[in-house]
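If you want the building blocks of each chain, they are given just below.
There are 2 protein chains.
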Amino acid sequence: MIQTPYLLFLGDAPDPLAAKVAQGIKDWRPDFALGQFRMEGCRADMKLPDMTLAEAKAAGAKTLVIGVANRGGVISAAWKKVLIAALEEGFDLASGLHNLLRDEPDLKAVAEATGRTLHDVRVPSVQYPIANGEKRRGKRCLAVGTDCSVGKMYTALCMEREMVARGMKASFRATGQTGILITGDGVPLDAVIADFMAGSVEWLTPDNDPDHWDLIEGQGSLFHVSYSGVTMALIHGGQPDALILSHEPTRTHMRGLPGYGLPSLEVLRDTALALARVANPKCQVVGISVNTAALDDEAALACCAEIEARMGLATVDPFRHGAGRLVDALGAV
Amino acid sequence: MIQTPYLLFLGDAPDPLAAKVAQGIKDWRPDFALGQFRMEGCRADMKLPDMTLAEAKAAGAKTLVIGVANRGGVISAAWKKVLIAALEEGFDLASGLHNLLRDEPDLKAVAEATGRTLHDVRVPSVQYPIANGEKRRGKRCLAVGTDCSVGKMYTALCMEREMVARGMKASFRATGQTGILITGDGVPLDAVIADFMAGSVEWLTPDNDPDHWDLIEGQGSLFHVSYSGVTMALIHGGQPDALILSHEPTRTHMRGLPGYGLPSLEVLRDTALALARVANPKCQVVGISVNTAALDDEAALACCAEIEARMGLATVDPFRHGAGRLVDALGAV
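Sequence lines, in order, name chains A and B. Position one of the first sequence corresponds to residue 1 (the numbering used here), numbered consecutively onward. Position one of the second sequence corresponds to residue 1 (the numbering used here), numbered consecutively onward.
Keep in mind the hints are simulated off the structure, nothing from the lab. Just so you know, not all the hints are guaranteed correct.
A pair counts as met if it fits within one copy or between any two copies, since identical chains are not told apart.
What the hints assert, rightly or not - Within a straight-line C-alpha distance of at most 25 Å, the following computed SDA-like cross-link-like pairs (lysine to any residue) qualify:
no., residue 1, residue 2
1, K282, R269
2, K135, P258
3, K135, Y260
4, K135, R255
5, K282, P258
6, K135, H253
Generate the whole structure from the sequences, applying the supplied hints.
Below is the structure:
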């Protein structure tokens with residue numbers, strides 16, 4: 001568990017896109033985002049107060065979160081200077097970078113000397129159990145995609161926000177690096193050892209109140225041959241009561257697999273539902289989320305309307321149109 | 001790659017079942033099984049020449065393979081004495097035990113001093129790629145089960161033996177600890193990091209002659225919620241041309257999951273085939289292997305005949321009745 005609130009480190013981000021982790025935290029957990037730390041030349045701006053380390057510390061920040069991708073896969077000397085100063089100032093560090101904080105001898109030494117924690121969220125920090133398949137109390141919703149990167153995380157986050165606003169009991173459950181940094185907790189599922197994948201998802205979504213919903217962050221796709229095993233483990237470990245189908249309508253082939261076409265929403269529905277019912281016979285497909293970022297307003301609405309008419313399920317872009325109808329659909333479960 | 005031939009270490013096996021890895025090597029790779037090393041009180045016997053370390057070395061043995069399960073999960077002092085003497089005699093060591101050879105400081109030190117290799121086959125030794133889904137030359141056959149531990153490995157080994165006897169090009173591809181120790185090579189799939197599972201199976205079954213068959217060792221079951229992700233990765237990483245359905249007819253619930261019934265062979269066929277065709281549209285289900293170990297001769301034949309009539313697919317217990325009809329069925333692919 002990463003201590004909150006955060007000071008968001010934007011470093012020398014060459015453009016706003018490089019800081020998408022920081023953007024996600026600011027969008028989805030504004031209470032965690034106390035301020036931002038920018039270096040010279042930084043081209044990203046979260047519209048948060050710019051703070052020195054000392055100012056952020058005085059304001060109560062506990063962790064410096066690296067909210068920006070590094071260039072060339074190395075932690076530069078300029079970054080290192082800030083990170084070491086932050087440890088000395090009393091901050092923990094959290095990062096989803098490929099090159100781990102703990103693999104930097106100087107960061108490791110200073111963290112040990114100062115008693116601070118380095119959170120490398122790409123690496124599991126828990127010894128997960130093997131899944132036991134036992135029915136857990138509470139309800140769970142999982143988004144499954146026709147492909148990878150079609151908006152499954154945003155769907156879950158939009159639904160959680162809507163449910164909390166309605167006074168419902170709901171928890172987003174992060175299963176990827178960005179989700180973990182946004183929420184401060186979760187399972188880096190793609191880095192879990194094969195035998196423990198489903199168990200890690202059970203661990204992440206334990207017994208809960210009967211009217212509590214876990215909104216589980218989806219990963220991969222049953223139809224993406226590189227990652228389908230991860231998706232399968234989410235479906236069986238998560239025991240979802242409700243599935244949301246997620247789709248990006250302009251994708252021409254599976255991400256990174258030029259020879260592979262996307263499945264239809266009908267095929268995704270039938271495949272995912274049959275597999276989900278192995279773990280939870282009462283599972284239902286309740287709605288469809290469409291990532292319409294590539295479409296203009298009119299085309300986005302037309303696309304959702306066409307899919308809704310065809311599939312007979314509430315269909316929205318939850319980020320663009322709100323997640324209300326998807327949350328309504330959970331009521332039928 | 002583990003150097004062959006082997007001296008099989010049976011230790012102080014309390015009964016023959018404890019030495020099932022040694023039995024597997026002797027049954028399936030008799031050329032690798034030069035001799036056995038038994039300690040006082042050993043109750044297992046592979047009917048191989050009993051050899052001292054020096055005798056085995058002189059006969060050409062390269063690796064001492066731990067062919068027996070250890071009691072209480074620890075490597076005893078009595079075993080340790082033999083293992084250290086073996087390293088000093090010039091043997092590599094190979095083990096599928098849960099407690100790793102490399103985690104024993106004395107074994108590690110002696111191995112380093114003598115330049116020998118410790119093979120812990122539970123731990124991947126390769127940095128596997130992420131699967132790219134590209135079509136590979138050659139053909140592949142995979143057994144998928146209604147449950148775990150229904151005879152998928154034996155099915156593949158029986159088919160490989162029959163194919164080699166017929167002069168066909170065939171390679172058993174091990175994906176589990178026992179299979180790796182039997183053949184000296186493979187991928188310990190249940191220990192691979194989630195993102196690399198399918199890639200490790202692609203790596204294991206590379207481009208080959210058009211008339212060459214890989215017989216891929218199956219793992220888990222699509223219907224076993226603890227391990228279904230591993231099975232999914234095998235189906236998509238393996239790109240099978242042919243599936244064999246594997247079944248144990250007396251099983252009353254999924255192994256280790258009392259609340260879960262087994263799927264029918266029809267449901268397994270339809271589910272596995274649809275998923276396999278994502279990676280290989282030409283995939284076919286060609287036959288059924290039944291583990292009839294719990295049935296007498298008459299019941300075994302009746303069981304296979306009933307399934308064959310129902311499913312319209314060649315159905316045998318390949319270990320009991322021979323794998324000929326399953327190999328014949330590959331001809332249709």
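Against the structure, the hints come out as follows:
| no. | hint | in the structure |
| --- | --- | --- |
| 1 | K282 with R269 | both (15 Å within a copy, 23 Å between copies) |
| 2 | K135 with P258 | between (39 Å within a copy, 12 Å between copies) |
| 3 | K135 with Y260 | between (36 Å within a copy, 11 Å between copies) |
| 4 | K135 with R255 | between (34 Å within a copy, 17 Å between copies) |
| 5 | K282 with P258 | between (36 Å within a copy, 19 Å between copies) |
| 6 | K135 with H253 | between (37 Å within a copy, 16 Å between copies) |
In terms of the numbered hints stated before, the structure departs from none.
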